[in-house]
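K.L.:
The whole structure should be built from the sequences, with the hints applied where relevant.
First to last, the sequence lines map onto chains P and G. Following our numbering, the numbering of the first sequence begins with 31 at its first residue and continues without gaps. Following our numbering, the numbering of the second sequence begins with 31 at its first residue and continues without gaps.
Check before you lean on any hint, since a few could be wrong.
Claimed, not checked - Facing chain P, a subset of chain G residues (Cβ under 8 Å, in silico): (1) Q80; (2) F87; (3) Y90; (4) A92; (5) K93; (6) R95; (7) R99; (8) A102; (9) P214; (10) W216; (11) D219.
To be verified - Result set (DSSO-like, lysine-lysine): computed pairs, CA atoms no more than 27 Å apart in a straight line: (12) G:K197 with P:K93; (13) G:K190 with P:K93; (14) G:K114 with P:K197; (15) P:K190 with G:K93.
These are calculated hints, taken from the structure and not from any lab test. Just so it is clear, CB atoms sit at the ideal spot from N, CA and C, and this is done for glycine as well.
Chain by chain, the residues:
Number of protein chains: 2
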Amino acid sequence: MPNRPVLDFWYELASPYACLSALRIEKLAEEAGVDLRWRPLLLGPIFAAQGWNSSPFVLYPAKGRYMWRDTARRARRQGINFVKPEEFPQNSVTATRLALAGREEGWTPVFSKALFRAQFGEGRNIADEAVLSEALKEAGRDPGATLPLARSEEVRGRLKAETEYAKSLGIFGAPFFITGDGEPFWGDDRLEEALEWATQGC
Amino acid sequence: MPNRPVLDFWYELASPYACLSALRIEKLAEEAGVDLRWRPLLLGPIFAAQGWNSSPFVLYPAKGRYMWRDTARRARRQGINFVKPEEFPQNSVTATRLALAGREEGWTPVFSKALFRAQFGEGRNIADEAVLSEALKEAGRDPGATLPLARSEEVRGRLKAETEYAKSLGIFGAPFFITGDGEPFWGDDRLEEALEWATQGC
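P.N.:
Rendered as C-alpha cells:
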C-alpha cells in the first residue's frame, strides 16, 4: 500500500485562527486522504525573538479589531460559535505541554479541540485547572494522573525543542501547515491549498 | 435603475499582494456586477505610526521569505509572471501621487496596473521617471504634462488626506477592501469574500 501524504499542523492553543483550523481540519484531511500530525507549539518565544512581548493583535490594535471581526465572519460560515474571550492572549504554556504529552497516546487532537472550544466558543481560560481537567476528561484521560505531566522536565524540554525546531523551519505565526515535501502554508485561509499541495504537489 | 454595489479597493503601489489583487480584481468585479473605486494610499505613514520604519516583510525576515514564496505560488495559479524586484520595498510616493491625480479622469487603474507589472513582473523600479513615463503613456497620458502633478501642493495634500482617512477607517495593510456598508476585508485572499459581501451582504 502506498504511503498516504502527510501534513504537519502547527498550532498555538491561544490563537483564534488556529482554533478555526483545528475545528475543521480533520474532516478536510480525511476527504483529501491526508494524514495529519498535530504539532502544538508556543508562539510566545517566537514573537519574543522578533521583539514582540505580546500578540500582534494586542500590539497593533487596528489589526486586532479587524481580526475579531474576520474570525467571527469565518466562524459563522463554518457554523461554529465564536466569542472573544475576556483574556487575550491566554497563557497557553501548561495547556501546550499537556497537548504535547498526548502525542504518543494519540489524545492531542481531542484535548486541543476541547480547549479551543472552551476558549473561543465559551470564553473560558485555558490556564484554569478546571478547564484543563475537563478537556483531559473529554480526551479520556484522568486529570489527576495527567496534569502533573505539565511539570515534568521531559515534557518541558520537548516543548522547548519543538518550538526551536518550528523557528528553524521559518514558522512565525499560527496556524502553519507544512507538507511532506516541506512546502509552508501560513494561516487558516491556506488550509485547503496546503491539503491540495500535500496530495498533488505544486 | 438600481444602484450597483460598490467596493473600495485600497492599495499601496509597492505591495506584492496588492499587485496580485490589482491584476485580477476588474474581471471578478465585472462578473459580480460590482463597481470598483481604486484608492491608492501610502502604507509608509501607517506603518510608521505603529513603529515600523520599513515593510514588515523586511523587518521580520521569516515572514518576508514566506511572502515571496506565497506570492509566487499565487501568481502561478493566476497565470502571471512574478519576480522579487531588486529593491523592496520601493519608494512609491511619486507613483501614488500620480495614481491619485488620475482618479477624476479615470486613468488610475491602467496606470497602476502598468506600475505593478513593471515592478513585480519585470523587477523594475517604480520610482524611476522612465518607468513612470511608460506607465503614463500606457494610460494615454502625456508624461511631460502629467509628471509635474506629483509635485503639486494640491495632489500632495490630497494624498496625505486619503492616507489619514484610510487610517481612520482602521486600514493597517494592503490590499484592503471596504464594501458600501463599511465591511472591511484585508488581503488578496479576501477579495472574493469582499465581492460576495458587496453583492449579498453578510
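K.L.:
Sort out which numbered hints this structure fails and list those numbers smallest first.
P.N.:
2, 8
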